[in-house]
Amino acid sequence: MRSLAGLITLLAVLVTGCSAAGGEQSVAVPDSPAGKQLQWYLDAVNRTPIPEKELGEHLTETFLKEVPAEKFNALAKDLAGLRLEELSSTKPTELAGVTSIPVGQKYDTKISVGDDGKIDYLLLEPR
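Under this note's numbering, the first residue of the sequence shown carries the number 1, and numbering increases by one thereafter.
You can take every hint at face value.
Pairs of lysine-lysine, DSSO-like flavour, derived with a Cα cap of 30 Å:
| hint | residue 1 | residue 2 |
| --- | --- | --- |
| 1 | 53 | 118 |
| 2 | 65 | 77 |
| 3 | 65 | 36 |
| 4 | 53 | 77 |
| 5 | 106 | 71 |
| 6 | 36 | 118 |
| 7 | 36 | 53 |
| 8 | 91 | 118 |
| 9 | 53 | 91 |
| 10 | 65 | 110 |
| 11 | 65 | 91 |
| 12 | 110 | 77 |
| 13 | 36 | 91 |
| 14 | 53 | 110 |
| 15 | 91 | 106 |
| 16 | 71 | 36 |
| 17 | 118 | 106 |
| 18 | 36 | 110 |
| 19 | 91 | 77 |
| 20 | 53 | 71 |
| 21 | 36 | 106 |
| 22 | 106 | 77 |
| 23 | 91 | 110 |
| 24 | 71 | 110 |
| 25 | 65 | 106 |
| 26 | 118 | 77 |
| 27 | 118 | 71 |
| 28 | 36 | 77 |
| 29 | 53 | 65 |
| 30 | 71 | 91 |
| 31 | 65 | 118 |
I should point out that these hints are in silico values taken from the structure, not numbers from a laboratory.
Based on the sequences and whatever the hints tell you, model everything.
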């Protein structure tokens, strides 16, 4: 009986580890302009460097002037495995909540999109 409990515990740890590494969200990302861009970002940080062309498809020109592709990628590379943990504010063009990376660091996260649907504001502040 004891070994069965150990096996179940091991399986639980393995399944939990797989879920976290797979980037599954604890909270569903809204199907909204801001939600679509947040989902893109959550996926994109796992495959840096993100090509400039792709960044231009998701970030406004103004955003890219303030945070050029090289800097954006330098910041994004440390966020592999980023996942959404909670949402505190949801509007079609703005979201706020908490994200985290597998090592346990949590971030207060805010994202907004302009009329063109591209990200015009993105902030992750360590908690």
